[in-house]
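If you read the sequences in order, they're chains V and U. Be aware that the first sequence starts at 23, since it is given in the numbering used here, and climbs by one per residue. Be aware that the second sequence starts at 23, since it is given in the numbering used here, and climbs by one per residue.
Worth flagging that the hints you see were computed from the coordinates, not collected in a lab. Keep in mind it's a predicted model, so treat the numbers as computed, not measured. Among the hints, erroneous ones may be present.
It does not matter which identical chain is meant; a pair holds if it fits inside one copy or across any two.
Taking lysine to aspartate or glutamate pairs in the EDC-like style, the calculated list, with each CA pair at most 20 Å apart, reads [claimed, not checked]:
#1 K164 to E477
#2 K332 to E343
#3 K489 to D172
#4 K489 to D219
#5 K332 to E344
#6 K332 to E362
#7 K228 to E482
#8 K87 to D56
#9 K164 to D304
#10 K141 to E96
Number of protein chains: 2
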Amino acid sequence: MTLQAAIRLNGGLSNCVNKAWSCRFYCVNTEFVDGLRAVVGETNISTALAVREQHGRDESMHSCKPPDVVIWPENVHQVSTLAKLCYCNNVAIIPYGTGTGLEGGVSAIKGGVCFNMTKMDKILNLNAEDFYVTVEPGITRKALNSYLRDSGLWFPVDPGADASLCGMAATGASGTNAVRYGTMRENVINLEVVLPDGRILNTAGKDRRFRKTSAGYNLTSMFVGSEGTLGIITKASLRLHGIPEAVVSAVCAFPSIQAAVDSTVQILQCGIPIARIEFLDDVMIDACNKFNGLSYPVLPTLFLEFHGTKNGLREQVQQTEEITQINGGSDFTWAKDQEERNKLWTARHNAWYAALALRPGSRGYSTDVCVPISRLPEIIVETRKDLIESNLTGPIAGHVGDGNFHCIMVLNLDDKDEVRRVKEFTDRLARRALAMNGTCTGEHGIGLGKRQLLEEEIGEVGIATMKQIKATLDPKNLMNPGKVV
Amino acid sequence: MTLQAAIRLNGGLSNCVNKAWSCRFYCVNTEFVDGLRAVVGETNISTALAVREQHGRDESMHSCKPPDVVIWPENVHQVSTLAKLCYCNNVAIIPYGTGTGLEGGVSAIKGGVCFNMTKMDKILNLNAEDFYVTVEPGITRKALNSYLRDSGLWFPVDPGADASLCGMAATGASGTNAVRYGTMRENVINLEVVLPDGRILNTAGKDRRFRKTSAGYNLTSMFVGSEGTLGIITKASLRLHGIPEAVVSAVCAFPSIQAAVDSTVQILQCGIPIARIEFLDDVMIDACNKFNGLSYPVLPTLFLEFHGTKNGLREQVQQTEEITQINGGSDFTWAKDQEERNKLWTARHNAWYAALALRPGSRGYSTDVCVPISRLPEIIVETRKDLIESNLTGPIAGHVGDGNFHCIMVLNLDDKDEVRRVKEFTDRLARRALAMNGTCTGEHGIGLGKRQLLEEEIGEVGIATMKQIKATLDPKNLMNPGKVV
Numbered sequence: 023m024t025l026q027a028a029i030r031l032n033g034g035l036s037n038c039v040n041k042a043w044s045c046r047f048y049c050v051n052t053e054f055v056d057g058l059r060a061v062v063g064e065t066n067i068s069t070a071l072a073v074r075e076q077h078g079r080d081e082s083m084h085s086c087k088p089p090d091v092v093i094w095p096e097n098v099h100q101v102s103t104l105a106k107l108c109y110c111n112n113v114a115i116i117p118y119g120t121g122t123g124l125e126g127g128v129s130a131i132k133g134g135v136c137f138n139m140t141k142m143d144k145i146l147n148l149n150a151e152d153f154y155v156t157v158e159p160g161i162t163r164k165a166l167n168s169y170l171r172d173s174g175l176w177f178p179v180d181p182g183a184d185a186s187l188c189g190m191a192a193t194g195a196s197g198t199n200a201v202r203y204g205t206m207r208e209n210v211i212n213l214e215v216v217l218p219d220g221r222i223l224n225t226a227g228k229d230r231r232f233r234k235t236s237a238g239y240n241l242t243s244m245f246v247g248s249e250g251t252l253g254i255i256t257k258a259s260l261r262l263h264g265i266p267e268a269v270v271s272a273v274c275a276f277p278s279i280q281a282a283v284d285s286t287v288q289i290l291q292c293g294i295p296i297a298r299i300e301f302l303d304d305v306m307i308d309a310c311n312k313f314n315g316l317s318y319p320v321l322p323t324l325f326l327e328f329h330g331t332k333n334g335l336r337e338q339v340q341q342t343e344e345i346t347q348i349n350g351g352s353d354f355t356w357a358k359d360q361e362e363r364n365k366l367w368t369a370r371h372n373a374w375y376a377a378l379a380l381r382p383g384s385r386g387y388s389t390d391v392c393v394p395i396s397r398l399p400e401i402i403v404e405t406r407k408d409l410i411e412s413n414l415t416g417p418i419a420g421h422v423g424d425g426n427f428h429c430i431m432v433l434n435l436d437d438k439d440e441v442r443r444v445k446e447f448t449d450r451l452a453r454r455a456l457a458m459n460g461t462c463t464g465e466h467g468i469g470l471g472k473r474q475l476l477e478e479e480i481g482e483v484g485i486a487t488m489k490q491i492k493a494t495l496d497p498k499n500l501m502n503p504g505k506v507v
Numbered sequence: 023m024t025l026q027a028a029i030r031l032n033g034g035l036s037n038c039v040n041k042a043w044s045c046r047f048y049c050v051n052t053e054f055v056d057g058l059r060a061v062v063g064e065t066n067i068s069t070a071l072a073v074r075e076q077h078g079r080d081e082s083m084h085s086c087k088p089p090d091v092v093i094w095p096e097n098v099h100q101v102s103t104l105a106k107l108c109y110c111n112n113v114a115i116i117p118y119g120t121g122t123g124l125e126g127g128v129s130a131i132k133g134g135v136c137f138n139m140t141k142m143d144k145i146l147n148l149n150a151e152d153f154y155v156t157v158e159p160g161i162t163r164k165a166l167n168s169y170l171r172d173s174g175l176w177f178p179v180d181p182g183a184d185a186s187l188c189g190m191a192a193t194g195a196s197g198t199n200a201v202r203y204g205t206m207r208e209n210v211i212n213l214e215v216v217l218p219d220g221r222i223l224n225t226a227g228k229d230r231r232f233r234k235t236s237a238g239y240n241l242t243s244m245f246v247g248s249e250g251t252l253g254i255i256t257k258a259s260l261r262l263h264g265i266p267e268a269v270v271s272a273v274c275a276f277p278s279i280q281a282a283v284d285s286t287v288q289i290l291q292c293g294i295p296i297a298r299i300e301f302l303d304d305v306m307i308d309a310c311n312k313f314n315g316l317s318y319p320v321l322p323t324l325f326l327e328f329h330g331t332k333n334g335l336r337e338q339v340q341q342t343e344e345i346t347q348i349n350g351g352s353d354f355t356w357a358k359d360q361e362e363r364n365k366l367w368t369a370r371h372n373a374w375y376a377a378l379a380l381r382p383g384s385r386g387y388s389t390d391v392c393v394p395i396s397r398l399p400e401i402i403v404e405t406r407k408d409l410i411e412s413n414l415t416g417p418i419a420g421h422v423g424d425g426n427f428h429c430i431m432v433l434n435l436d437d438k439d440e441v442r443r444v445k446e447f448t449d450r451l452a453r454r455a456l457a458m459n460g461t462c463t464g465e466h467g468i469g470l471g472k473r474q475l476l477e478e479e480i481g482e483v484g485i486a487t488m489k490q491i492k493a494t495l496d497p498k499n500l501m502n503p504g505k506v507v
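Here chain V stands alone, though its shape is the one from the complex (with noise of 0.2 Å):
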């Protein structure tokens, strides 16, 4: 069907046009919703109760807010049609990944559509030679990777969750390997973006692919991380990276999180090239070891991962262990086959789900917060204390080769006084960061639950300049509304 076709069902276009702004949201009518179905079919809508909760919440705390309607999309004349269909009738639109954010991002405060892009998972281009490969948005990290492997390549970054890549676009996802191959801020070459009113954007122009570029604004980078608040991310082209000659993980324990925190800012300070260093706090590895049936020493922990070529990991194998034994750490448990090293990452990444299982039946909130490097023994220490004077469990996680750390904070949502203490320890841990130069989220992102931090972050004149690029590019405010700012 036409774009003319399904608007002509839906009233005309100057019709829309004249009542966009007397009915602000919530032109969810029968009419409306056979407009939609008329562009992707019966098979790819629903406005089932079960289907519609499914998809007003994600992994966090945030309660569910459904959706009116959910589609799903097959192509992006489809995405530029619906979105015109719901930019004429006011409607909110909410793109939706996997559902696996961790501020509520997908929660559809203001009712509206959600377009589930899991349908658009194709691999459009890859080449090898010039590292790159562009994706439709609902193709996953891991369904990727897995494509990729007889290529020689691999694309490095893992937020843990098997995400959309075009929803870690979206939240500017990072993860474990961003200490040695950046987050998605620096892994995205290109993004397609329906707007609000439908017209398509190649944020560097279409099709293009260069290293670098100094042509104008950088677009790119505007949507990246902008949580689906700016436009539907239909189409990314990524940077993939050579998988490394070699690759060897280890376990090290410290005698103190002082010590574990220490060896790792004296490891970067030395320029070690360390692909992935995560820290875990002894209630973090015990929850680990009980969830995954490992046998770790109890005690601050980090998992460490080398990248390179046989000679160079030596090199930057033995310099780690020097910084570690100095600060006490034990000797390193290796994991040097690929089966060893799933299992290593298995259980970093089952991390929440280990957390979760510490009481059975509890609901989490994993917090993010990302200082300076030579703020973190400080931030860390000071964030146990504060866990244990608040009677709290919330088992501390992170990539502190970044700065960046979680507490996963495990809850009884039915326990009123509970609530209020992990709110009030949440929002004192990211002013916390905020006091020591840091930043109130290194990768969840703002979606509903940050923005007052957003502005005490950025300042007066930082929000209302935010405040003006969304105002110009979504001026109905339709777009994933009350995100961010």
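Put chain U on the given structure of chain V with help from the hints.
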């Protein structure tokens, strides 16, 4: 003097605001100049023709368009007050660093006030533990690296010219080290920017300096590369890097352009972490020999540099030599100590002056395109053919590790036919890059000369989006008008 006093001198704020839209540009009368003088003091302002002409052009062939006034502010509060005065009087603002740009970025096409930032040249905050430094806008990269010498750290972005660091941020500069360390886009952590109306913005929040964040829209990336069209950069926090344990440079000659460029592509594809890989064609090498008193073989040549540990370097060099030898490259000519290396890189950085010396009295225009690495051999070979067919002098030099290269066009501005042929040739070159999925500028920026090419590169929706951003942040179009969009 306070802002209030300065504005009073200038007729009162409300009066200014009321007449705002009726007097577009050129409200530069005695009263206005007195207002500026009251802010910066007698010695920091000039309306002398010679001074204005010196500020109305950069190192490109764009003709001189002098501003009406040149001022040298000494701190951010002065910049803010001066911007407010310009804003109230609808006078254009042109930020000026060292005037070493290559696309006419400082040309005052609508007159106005040139803000020469070189008296704000302090290093405000060096934090070696966190690998960052905060600088005022006027300090140059050489002065910064000289200051850093004993810290074990350095700032690697090196466009050749000893440009000011905030000028480099404004143009998104890169240069010879970008293949390993990234461009300004990857190395600016935070910017303080005075907006056209005088408000002071900290793009990542005041005094923040984390390695990563996902807090809100990426304002830092929006200002890097905006060429002074969105605001005046008054402070930058930059990422520093550890000085490598060992450095060696080498020169290698090749039987053909194709062989030199093929070697580059293969070195990158093998994942060798090369720090610099610069291509010079035979015409360029000949000019460099003559200008610098050197005697390299007059053949297509690569200048290479390796950074790392002593052991790591051995491995990098061995792999690189294997690749160059397979492609018929000469044995490496080594430059191991600092003095020899300086001689080699001075020769490379003097390429511009060496090219101009080919035809004494001539003017230069350095083109700048960037393509995916796999397309490099093809575009350089085609471009060389085009130069010969067009009967033009344009030695080729480039940061081929990024897919980025320049033809340094040497021409007689009085020869109208030659000027026309140069213009046609450089447009053909840019469109050749665009046709190969590339960009019309890898590092020089859009400035005055490439606005049409930017439209072709980014497309209709892209340009419309950039124009929306410009109109929102600079509603009176006072910031460096006529550049970029």
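Structure-based check of all given hints:
1. K164 to E477: Result: close neither inside a copy nor across copies, 35 Å intra and 37 Å inter.
2. K332 to E343: both (17 Å within a copy, 19 Å between copies)
3. K489 to D172: neither (45 Å within a copy, 43 Å between copies)
4. K489 to D219: both (18 Å within a copy, 17 Å between copies)
5. K332 to E344: Intra 19 Å, inter 18 Å, cutoff 20 Å: intra and inter.
6. K332 to E362: within (18 Å within a copy, 32 Å between copies)
7. K228 to E482: between (36 Å within a copy, 11 Å between copies)
8. K87 to D56: neither (23 Å within a copy, 59 Å between copies)
9. K164 to D304: neither (29 Å within a copy, 47 Å between copies)
10. K141 to E96: within (6 Å within a copy, 57 Å between copies)
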